[in-house]
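K.L.:
These are the residues of each chain, in order.
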Amino acid sequence: MAERTVRVESEVGLHARPAATFVQTASKAPIDVTLSKAGGAPVSAKSILAVLALDVRHGEQITLRAEGEGAEELLDELSRIVSETK
Amino acid sequence: MTVVVAPVGGAVVGLANVPDPVFAQAMVGPGTAIEPDREPGEAVSPIDGKIIKLHPHAYVVVGDDGRGVLVHLGIDTVQLKGEGFRLLAAEGDRVSAGQPVVAWDPAAIEAAGRSPVCPVVALDAQAGALSDVQESGQVTRGAELFRWE
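Read top to bottom, the protein sequences are chains A and B. Taken in order, the first sequence gives residues 1 to 86; the numbers are from full-length UniProt numbering. Taken in order, the second sequence gives residues 1 to 149; the numbers are from full-length UniProt numbering.
One or more of the hints may lead you astray.
[What the hints assert, rightly or not] Covered stretches of chain B (chain A as the covering partner; in silico rule of three or more C-beta atoms under 8 Å from a C-beta of chain A):
#, region
1, 6-15
2, 27-35
[What the hints assert, rightly or not] Below, computed lysine-lysine pairings styled on BS3-like, alpha-carbon distance capped at 27 Å:
#, chain 1, residue 1, chain 2, residue 2
3, A, Lys37, B, Lys50
4, B, Lys81, B, Lys50
5, B, Lys53, A, Lys37
6, B, Lys53, A, Lys46
7, A, Lys28, B, Lys81
8, B, Lys81, A, Lys37
9, A, Lys28, B, Lys53
[Claimed, not checked] Counterexamples of contact, computed for chain A against chain B with all Cβ distances above 12 Å:
#, residue
10, Arg4
11, Thr34
12, Ser79
13, Ser83
Hints were generated in silico from the structure; no laboratory data involved. Virtual Cβ for every residue (Gly too), placed ideally from N, Cα, C.
Please build the complete structure, drawing on both the sequences and the hints.
P.N.:
Written as structure tokens, this is what we have:
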């Protein structure tokens, strides 16, 4: 199980462009990947509905988890997206 | 099958004409967009369901079958931080299609230098899942906009 906890740097949080880019990237992966807020239940990173409903704000931490081939690389890429300020 | 209705009245322009590539390239999902009439009005729910996310400038309603529809009131309107929007419902409320959710004034959004165009997006919908999608013409608030098979 690969796991990362990252801070969301986008000013609008994980909404709009960052959310769409995040979900699109996750959806291309053949393995399951989730995100969660501290103490919250994990939701699928491949669902724009789930990601928007999670309502991650600027400065909040999220934990990404994935298992399987390419998990580390996938989490690297997703971490990079949420670390972008735009 | 879900019938999605127009959250606002105006001219249907299609997603491709939304001045934001995230919507225009259907990255958020398939759907359409409406240039709202430039008069103060109330944006309504596009489907029967529960408001699972309510921001002043955008909301998501999820039907009993789990399908979620996003209504975005204008582009880059998150930066207005709620100014010019008034909530008429609360997160977690059950609403019917056509029920008012947010009061706003598209002309004021435009005067503030932003596009008031309203993308209406089927979240997590597969390409081809929508039918009878309006891409042009006038639409009245609450009239059918597209079908989600």
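K.L.:
Could you run down the list of hints and mark each one as holding or not?
P.N.:
So, going through the hints one by one against the coordinates:
By the rule of at least three residues with a Cβ nearer than 8 Å to a Cβ of chain A, the coverage given for the region 6-15 of chain B is violated, with 0 such residues. Counting residues of the region 27-35 of chain B whose CB lies closer than 8 Å to any CB of chain A gives 3, which reaches the minimum of 3, so the coverage claim holds. At most 27 Å may separate the alpha-carbon atoms for a hinted pair to count; lysine 37 of chain A and lysine 50 of chain B meet this at roughly 22 Å. A C-alpha spacing of about 23 Å is found between lysine 81 of chain B and lysine 50 of chain B, which places the hinted pair at or below 27 Å, so the restraint holds.
For the hint linking lysine 53 of chain B to lysine 37 of chain A, the alpha-carbon distance of about 16 Å falls within 27 Å, and the restraint holds. Distance restraint check for lysine 53 of chain B and lysine 46 of chain A: the Cα-Cα separation of roughly 18 Å lies within the 27 Å cut-off, and the hinted pair is therefore satisfied. Between lysine 28 of chain A and lysine 81 of chain B the alpha-carbon distance is near 33 Å, which puts this suggested pair outside the 27 Å criterion. Distance check on the hinted pair: lysine 81 of chain B and lysine 37 of chain A sit about 23 Å apart at the alpha-carbon level, within 27 Å; holds.
Between lysine 28 of chain A and lysine 53 of chain B the alpha-carbon distance is near 26 Å, which keeps this suggested pair within the 27 Å criterion. Against the 12 Å criterion, arginine 4 of chain A stays outside the reach of chain B, whose nearest CB is about 23 Å from its own CB. The non-interface label for threonine 34 of chain A is consistent with chain B: the shortest C-beta to C-beta separation is roughly 15 Å, beyond 12 Å. Non-interface call for serine 79 of chain A relative to chain B: holds, since the shortest CB-CB distance, roughly 19 Å, exceeds 12 Å.
No Cβ of chain B approaches the Cβ of serine 83 of chain A within 12 Å, the least distance being about 18 Å, so the stated non-interface status holds.
Hints 1 and 7 from the list above are not met by this structure, while the remaining hints are.
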